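Line order of the protein sequences matches chains A and B. Residues 0 to 147, numbered by numbering that gives the first Met the number 0, are exactly what the first sequence covers, in order. Residues 0 to 123, numbered by numbering that gives the first Met the number 0, are exactly what the second sequence covers, in order.
Quick caveat, the hints were computed from the structure, so don't treat them as lab data. Keep in mind that this is a model prediction, so the values were computed, not measured. Hints should not be assumed to be uniformly reliable.
Pairwise CB distance ranges, derived in the manner of DEER restraints [unchecked claim]: (1) A:Pro-34 to B:Val-110: 39 to 45 Å; (2) B:Pro-56 to A:Asn-103: 32 to 38 Å; (3) A:Ser-143 to B:Ile-26: 43 to 49 Å; (4) B:Pro-71 to A:Glu-5: 29 to 35 Å; (5) A:Cys-101 to B:Ile-26: 33 to 39 Å; (6) B:Gly-39 to A:Phe-20: 32 to 38 Å; (7) B:Met-24 to A:Glu-70: 22 to 28 Å; (8) B:Gly-75 to A:Val-108: 26 to 32 Å; (9) A:Ala-57 to B:Gly-75: 30 to 36 Å; (10) A:Phe-20 to B:Met-24: 21 to 27 Å.
From the three backbone atoms N, C-alpha and C, an ideal C-beta is built for every residue, glycine too.
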Amino acid sequence: MTVPAEVVAPAIGQILETMYFCESFYRGKGRVREPHIGTSITFTGAVSGVFSLEVSSALAARLAADFLATEPPDPGKEQIEATVSELANIACGATIGAWQPCSNVHFSVPHPLSDGDGAGEAEFTHCFSVNGENPEIAIEIAVSDSRE
Amino acid sequence: MQILLVDDSPVMRRYVARALEMTGMDITIHEAKNGREAIGIAFRVRPDLIITDLNMPEMSGEELVEKVYEAPELRGTPVLVLSADRSLNRPRELLHAGAIAYLTKPVTPEVLKRSLTAILGVRA
C-alpha cells in the first residue's frame, strides 16, 4: 500500500511554507545525493508502518535557521537535528492524517536514522526540492498493516 | 502572565515561545520537556496557561491534561494542546479530559496568537 503523491505533496508543501517559510517542489521518486540527516517515526493503529524522512544537511541548516530565527553561529548541530525531527513529526502527522482522515493512529517519538554522513543510497518514493532541481527532502512511508 | 510550554522538542518550544513573545503581552515563559517535568513546574508557578504537545517520553500530554484536571491546586488552569496528531478521536478525547483547545501542527504564529488571546480573553 502506497500513500499517493496527491496526499504527500500538498501536506509537505503546506508545512514547509507555513512553519519553515520556503516553497518546495515535488520531484517524485529519488534520493538525497548529498550529506543528510534522517529520522523515522513508527505509527500504529488503523494503519501501521514507518515514516522515514531525510533532509540534506545544507537545507536542514537553512530550515533550522528560519524556524528558530537564529543568527550565526546558531543553529548548532543539535538544533539542526531537532528541527529535522520536528519536521518529521509534523510531516508524519499531517500526511497520515490527510491520507486516513477518519482514523485513529498513534505515533512514536522521532528516532534518528544513521549518521547521514554519506550520500543517500536508498530510493525514496517522495522527494522534494527547495533550491534547484535535486532532491533535498526524501520521504518514505512504509505501510505494513492497514485495518481500513 | 505565566505560560508553561511543554514539548520534548527544544526547537518547537523555542518556536512557540517566539510566537508568544510576538503577541506583545507581558508573558513569563516556563518550559518543560515532558508532562512529568511540567507538573512539577505547574505546582510551583501556577501558570495562567499550559501549552502542551501530546507525544512525549516519560509522561505524555494526555496524562498531563488528566493530572492538571485531577489536581485541586491546578484545576481550572487552561491547557492548550498543540500536536501533529490528527487522529479522528484525539481532539474529542483531550477536550473531554479537560483541555480547552486543540491545535494541529503546522501552526503559524498568527494562529497561536489568536488562540492565546481567545483563551485568556475568555478566561478573563
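Tested hints:
{"no.": "1", "hint": "A:Pro-34 to B:Val-110: 39 to 45 Å", "result": "violated, 34 Å"}
{"no.": "2", "hint": "B:Pro-56 to A:Asn-103: 32 to 38 Å", "result": "violated, 21 Å"}
{"no.": "3", "hint": "A:Ser-143 to B:Ile-26: 43 to 49 Å", "result": "holds, 44 Å"}
{"no.": "4", "hint": "B:Pro-71 to A:Glu-5: 29 to 35 Å", "result": "violated, 50 Å"}
{"no.": "5", "hint": "A:Cys-101 to B:Ile-26: 33 to 39 Å", "result": "holds, 37 Å"}
{"no.": "6", "hint": "B:Gly-39 to A:Phe-20: 32 to 38 Å", "result": "holds, 35 Å"}
{"no.": "7", "hint": "B:Met-24 to A:Glu-70: 22 to 28 Å", "result": "holds, 25 Å"}
{"no.": "8", "hint": "B:Gly-75 to A:Val-108: 26 to 32 Å", "result": "holds, 30 Å"}
{"no.": "9", "hint": "A:Ala-57 to B:Gly-75: 30 to 36 Å", "result": "violated, 48 Å"}
{"no.": "10", "hint": "A:Phe-20 to B:Met-24: 21 to 27 Å", "result": "holds, 24 Å"}
Of the hints listed earlier, those the structure fails to meet are numbers 1, 2, 4, 9, in rising order.
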